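Student: In case you want the letters, here they are:
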Amino acid sequence: MTLNGWLQILVYCGIVVLLVKPLGFYMYRVFNGDRTFLSPVLGPIERGLYRISGTSEREEQHWTSYAAGIMFFSLASFLVLYFLQRLQGVLPYNPAGMTAVEPNLAFNTAVSFPTNTNWQNYGGESTMSYLVQMAGLTVQNFMSAAVGIAIAVALIRGFARASVKSIGNFWVDMTRCTLYILLPLCIVLTLVYVWLGMPQTLGPYVDATTLEGAKQTIALGPVASQVAIKMLGTNGGGFFNANAAHPFENPDAISNLIQMVSIFALGAALTNVFGRMVGNQRQGWAILAAMGVLFIAGVAVCYWAEASGNPLVHALGIDGGNMEGKETRFGIALSALFAVITTAASCGAVNAMHDSFTAIGGLIPILNMQLGEVIVGGVGAGFYGILMFIIVAVFVAGLMVGRTPEYLGKKIEAKEVKMAMLAILCLPLAMLIFTAIAVVLPTGVASMANAGPHGFSEVLYAYTSAAANNGSAFGGLTGNTPWYNITLGIGMLMGRFLVIIPALAIAGSLVAKKTVPASAGTFPTDGPLFVGLLVGVILIVVGLTFFPALAIGPIVEHLAMINGQTF
Amino acid sequence: MSQSKSASIMDARILWPAIGGAFRKLNPRTLIKNPVMFVVAIVSLLTSVLFVRDLLTGGGDFSFTLQIIIWLWFTVLFANFAEAVAEGRGKAQADSLRKARTETQAKLLTGDDRTKFKLVPGTSLKVGDAVLVEAGDIIPSDGEVIEGVASVNEAAITGESAPVIRESGGDRSAVTGGTQVLSDWIRVRITAASGHTFLDRMISLVEGAARQKTPNEIALNILLVGMTLIFVLATATIPSFAAYSGGYISVTMLVALFVTLIPTTIGALLSAIGIAGMDRLVRFNVLAMSGRAVEAAGDVDTLLLDKTGTITLGNRQATEFRPVKGVTEQELADAAQLASLADETPEGRSIVVLAKEKYGIRARDMATLHATFVPFTAQTRMSGVDIDGSSIRKGAVDSVLAHVNQSISAGSGARPASDAVRDLQAIADEIGKSGGTPLAVERDGRLLGVVHLKDIVKGGIRERFAELRKMGIRTVMITGDNPMTAAAIAAEAGVDDFLAQATPEDKLKLIRDEQAKGKLVAMCGDGTNDAPALAQADVGVAMNTGTVAAREAGNMVDLDSDPTKLIEIVEIGKALLMTRGSLTTFSIANDVAKYFAIIPAIFAVFYVAPGQTSGPLQALNIMHLATPQSAILSAIIFNALIIIALIPLSLRGVKYRAIGAGALLSRNLLIYGLGGIIVPFVGIKLIDMIITAVGLA
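Going line by line, the protein sequences match chains A and B.
Going left to right, the first sequence walks through residues 1 to 567 as the UniProt record's numbering numbers them.
Going left to right, the second sequence walks through residues 1 to 697 as the UniProt record's numbering numbers them.
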């Protein structure tokens with residue numbers, strides 16, 4: 001580890017923290033329906049959209065209607081995306097002449113994008129037409145992000161409001177999120193990316209003749225615009241197969257920094273939106289602090305592991321850290337940082353190959369996703385994810401101050417605990433069960449690139465990434481097989497909707513409750529004690545769930561490596 | 001049933017029946033009420049069946065498997081034992097109560113004449129029957145005194161041997177079946193049929209037979225079931241991982257891992273904690289009608305306390321005589337003493353005492369003075385005497401003034417000097433402001449002055465309120481006094497707020513207002529007019545001396561009829577919730593050490609490098625447990641024994657300290673969270689050393 005490396009990491013953290021308040025303030029006003037500096041331009045568009053779709057911002061929904069809206073919208077998204085892929089051969093904007101995507105890959109991709117996973121069992125430049133990339137994938141990048149944020153805001157309203165039935169209007173929340181937050185930011189980011197040298201064109205691929213005289217086809221396309229939302233919406237689905245390691249998707253250190261910041265920006269700001277909505281910004285900062293502790297710890301371990309490198313390689317007389325699978329323009333520090341960020345949030349973009357990380361360096365991304373991506377997390381998803389853990393934490397700890405548990409004045413009772421446990425339970429269900437089946441199934445094992453613990457980690461990573469709706473791949477695993485296409489798809493669906501429905505049910509239950517005023521007898525949830533408690537609960541619950549699996553994957557690989565054993 | 005009778009677990013009277021109970025509770029229908037232990041029982045049964053199969057077919061490590069199975073069953077039995085012990089303590093109390101429920105003969109009245117009755121068995125009485133109970137008789141069932149006054153020994157239920165007075169009308173009309181009339185006679189209307197009396201209810205409550213899971217217990221159970229399911233996933237996927245890694249893990253080992261991981265500690269002790277919480281109240285002579293009420297007590301935000309008897313000593317005392325101008329103190333004292341001679345109220349008696357002590361005025365005989373006593377009525381709000389055409393009245397200042405004005409208009413008195421009126425009011429205001437009660441005295445329409453009656457605030461009550469404030473509880477004093485007086489006493493006693501000139505309706509409104517703000521309210525009361533408020537409050541403690549209506553409305557009954565107990569009730573409620581949370585935290589924190597014991601033990605067979613005896617994961621055996629078998633056995637033994645070790649704590653409860661929620665949480669997190677991580681490391685290592693030394697594994 002170098003001082004330079006740590007300075008870059010700290011500069012990154014500083015920028016994210018500085019953005020929290022202004023972005024939080026703006027988002028808070030947007031979701032409250034207050035006037036913002038963009039209202040003169042966007043207000044008429046917003047109202048026009050409501051008129052066309054026959055809804056109104058005054059029409060508030062019960063949680064069941066809100067959830068029904070999301071389910072309906074997601075199903076429609078799935079169908080559109082599926083048929084766009086199947087029919088791309090006959091549709092326009094297909095200069096490379098791509099043929100129809102085969103059914104189970106199309107299924108996997110059609111599930112992947114609306115669930116904000118963006119797992120890619122295909123190479124973008126060799127499978128998808130421009131139309132699918134833009135009208136299908138990029139649109140879903142926006143929509144799935146807006147859905148996530150809308151759910152988080154609805155859940156926040158559960159805490160902020162008292163003794164009412166409605167948690168907001170899904171269509172309004174989603175429209176506002178897209179119109180006022182995602183679109184303007186993406187336009188600015190796209191222009192910056194173009195300035196930094198990213199392609200943005202609808203023209204065909206370019207043929208070049210190399211110095212050796214060979215002919216090379218250079219893939220182009222509307223890259224900058226997709227990268228903007230891919231990062232901001234924590235989608236992570238790359239335009240190119242190499243994702244953010246590709247020079248056209250991530251040309252230099254500046255674009256790398258902007259991309260990393262935009263992954264965390266909205267998720268971190270949501271904690272401030274939460275604080276503002278419940279009337280105490282410290283509550284939001286406390287949650288962000290808990291996320292921050294987990295984040296820094298992850299970065300420290302991952303960076304240390306990568307910087308330390310592999311003793312077996314050192315024995316061959318090659319010193320230094322582990323540079324395998326990393327881009328020289330980013331180096332060890334920024335590759336490790338990027339890996340931790342992308343898995344802490346449910347982004348899934350990669351600027352280095354996680355498969356080539358050391359065992360411990362690779363364990364951190366897996367653990368991050370197994371935590372349910374609650375460290376800032378996917379836009380919205382990370383926030384409602386951590387609220388599930390908060391419910392469990394205050395339930396147990398709240399009892400220890402001699403009161404029945406409460407959080408922000410809302411009593412945490414059987415219904416909330418049931419739903420939170422359901423949400424927490426669905427992740428290991430998808431991650432562990434599918435892994436357990438895949439590692440003993442011949443088709444499952446056949447896709448592994450490595451034997452032994454590393455092969456196990458590849459499969460564990462894949463299902464973990466799918467269920468956590470992350471979408472990054474460990475690499476190595478050949479995912480485009482019927483078995484993986486289908487099961488990963490199911491994993492993504494479970495990880496998305498089995499969390500969303502309980503989260504909204506909690507919102508519906510909380511919003512109807514009275515708010516109990518805080519007293520000297522209620523334990524403060526905006527201080528270091530709460531931060532420590534939350535971190536402890538998250539680590540213990542998740543650690544206990546995944547310890548056996550991690551022991552058989554990265555941990556045994558690491559211990560074996562120390563002993564000089566390789567697989 | 002006094003507090004001294006508390007029985008320890010080691011008491012043979014509790015221990016032996018509890019051991020029997022532990023086995024009886026293996027009945028699946030009983031077990032299923034406790035989901036975590038039910039799961040343990042199922043996997044124990046599964047392992048046992050597999051063991052028998054292995055025994056018949058041969059093969060396997062019998063000694064090891066057998067030991068695991070034995071400890072698995074012990075885990076279930078220990079949990080049952082914990083519950084049986086908690087119930088046993090209640091049963092001992094129930095038995096002493098049952099003695100009071102002996103078969104009695106009742107004198108069923110056939111008409112209005114109290115000499116005409118027939119003897120019937122007490123159990124045949126119906127609600128509405130009227131019975132006669134005379135000196136020496138046991139009251140056959142719960143009822144309300146409709147005629148007469150009697151002294152009653154209620155030791156059977158309260159443990160207090162001093163007799164209490166029960167009389168018709170008023171707030172002391174309720175009698176309890178099983179108590180004994182010591183003197184006089186009363187006519188009682190039966191209000192509860194046999195089997196539904198207060199005593200019956202008490203018995204079933206202390207026995208735990210009527211126990212239902214409280215809302216928080218249900219929620220906690222859901223959490224525990226959720227944790228159990230997570231560990232089902234964590235362990236059920238291991239065989240496949242093992243197969244991939246080229247190893248095999250036996251069902252016994254998996255079951256051992258599973259049982260040590262699921263929250264058996266809290267699962268085993270949860271119902272014992274609940275029963276013990278109710279039991280602590282019973283020992284404290286408070287009977288909670290439901291566990292929900294005890295839980296609510298821990299959550300109370302606002303405490304409504306009656307001023308009289310709770311904050312101040314039951315009665316006000318005369319402390320000085322303040323004459324108006326032109327009247328001597330002696331003259332005022334003399335009149336006040338005369339007016340109070342026949343007044344049996346504590347205030348009246350204190351006037352007589354003060355007159356004697358300060359002015360040497362001796363008590364006089366009413367008869368020789370030809371004096372007739374005019375008792376206090378709610379209409380006149382005055383009392384006094386009429387002596388040979390002269391009249392003396394004392395009472396509330398405005399009533400006495402009104403009376404004086406009335407007698408003037410009736411022409412029977414001299415016009416009072418406006419100076420005297422002003423003077424009187426000035427004195428009264430001054431007394432009122434200081435928290436005292438002014439009692440005006442007049443003789444034949446002439447204002448004499450004011451007696452200063454003072455409320456004596458109980459010693460130490462101020463400190464109690466400060467403590468409550470630290471607990472986050474707001475205290476509100478309820479009084480019939482005027483706002484000025486109330487404010488002065490409130491300030492002296494240190495309550496947070498007060499409700500002056502409170503009517504029952506005001507009280508009910510206050511409770512509703514607080515509840516609308518999301519607060520939980522506790523109060524106590526005894527009168528029939530308290531009943532609506534008692535029913536509305538989240539914790540309503542009815543005094544045992546109170547009316548039937550009050551006792552029905554509240555969700556707790558205080559057998560000692562001591563309103564200050566509300567404070568302790570809140571503490572007991574908090575202790576109950578804390579015990580639950582602390583043991584849950586402890587239980588989950590324990591798992592860390594158990595993983596470090598079992599995972600290396602069962603995973604060390606994977607990826608063994610050539611020339612080595614164990615694989616890389618052996619490095620996780622940071623406790624250096626002797627062998628895989630000893631490691632697993634130690635973990636499962638620790639898991640079972642910790643249940644027994646924590647029974648005393650779950651019965652006693654984690655003590656509540658009013659040190660602020662943050663401090664309390666960090667303290668408990670340190671003890672039960674951090675302690676919960678460290679203790680099993682030490683415990684498992686010790687057990688491992690012992691079983692290795694004796695050669696069990």
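It should be emphasised that the hints constitute simulated quantities derived from the structure, not laboratory data.
Just to be clear, a hint being listed does not mean it is correct.
Unchecked claim - No farther apart than 27 Å at their CA atoms in a straight line, the calculated lysine-lysine pairs in the BS3-like style are these:
1) A:Lys-418 with B:Lys-519
2) B:Lys-655 with B:Lys-213
3) A:Lys-415 with B:Lys-470
4) B:Lys-99 with A:Lys-165
5) A:Lys-514 with B:Lys-509
6) B:Lys-470 with A:Lys-514
7) B:Lys-356 with A:Lys-514
8) A:Lys-165 with B:Lys-509
9) B:Lys-325 with B:Lys-356
10) B:Lys-458 with B:Lys-655
11) B:Lys-325 with A:Lys-165
12) B:Lys-509 with A:Lys-418
13) B:Lys-356 with B:Lys-458
14) A:Lys-415 with B:Lys-213
15) B:Lys-358 with B:Lys-509
16) B:Lys-517 with A:Lys-514
17) A:Lys-415 with B:Lys-454
All of these numbers come straight from a predicted model, not from anything done at the bench.
Student: All the hints need checking, so say for each whether the structure fits it.
Tutor: Taking the hints in turn, this is what the structure says about them:
{"no.": "1", "hint": "A:Lys-418 with B:Lys-519", "result": "24 Å, holds"}
{"no.": "2", "hint": "B:Lys-655 with B:Lys-213", "result": "22 Å, holds"}
{"no.": "3", "hint": "A:Lys-415 with B:Lys-470", "result": "31 Å, violated"}
{"no.": "4", "hint": "B:Lys-99 with A:Lys-165", "result": "54 Å, violated"}
{"no.": "5", "hint": "A:Lys-514 with B:Lys-509", "result": "18 Å, holds"}
{"no.": "6", "hint": "B:Lys-470 with A:Lys-514", "result": "23 Å, holds"}
{"no.": "7", "hint": "B:Lys-356 with A:Lys-514", "result": "59 Å, violated"}
{"no.": "8", "hint": "A:Lys-165 with B:Lys-509", "result": "26 Å, holds"}
{"no.": "9", "hint": "B:Lys-325 with B:Lys-356", "result": "23 Å, holds"}
{"no.": "10", "hint": "B:Lys-458 with B:Lys-655", "result": "26 Å, holds"}
{"no.": "11", "hint": "B:Lys-325 with A:Lys-165", "result": "68 Å, violated"}
{"no.": "12", "hint": "B:Lys-509 with A:Lys-418", "result": "35 Å, violated"}
{"no.": "13", "hint": "B:Lys-356 with B:Lys-458", "result": "25 Å, holds"}
{"no.": "14", "hint": "A:Lys-415 with B:Lys-213", "result": "15 Å, holds"}
{"no.": "15", "hint": "B:Lys-358 with B:Lys-509", "result": "45 Å, violated"}
{"no.": "16", "hint": "B:Lys-517 with A:Lys-514", "result": "8 Å, holds"}
{"no.": "17", "hint": "A:Lys-415 with B:Lys-454", "result": "53 Å, violated"}
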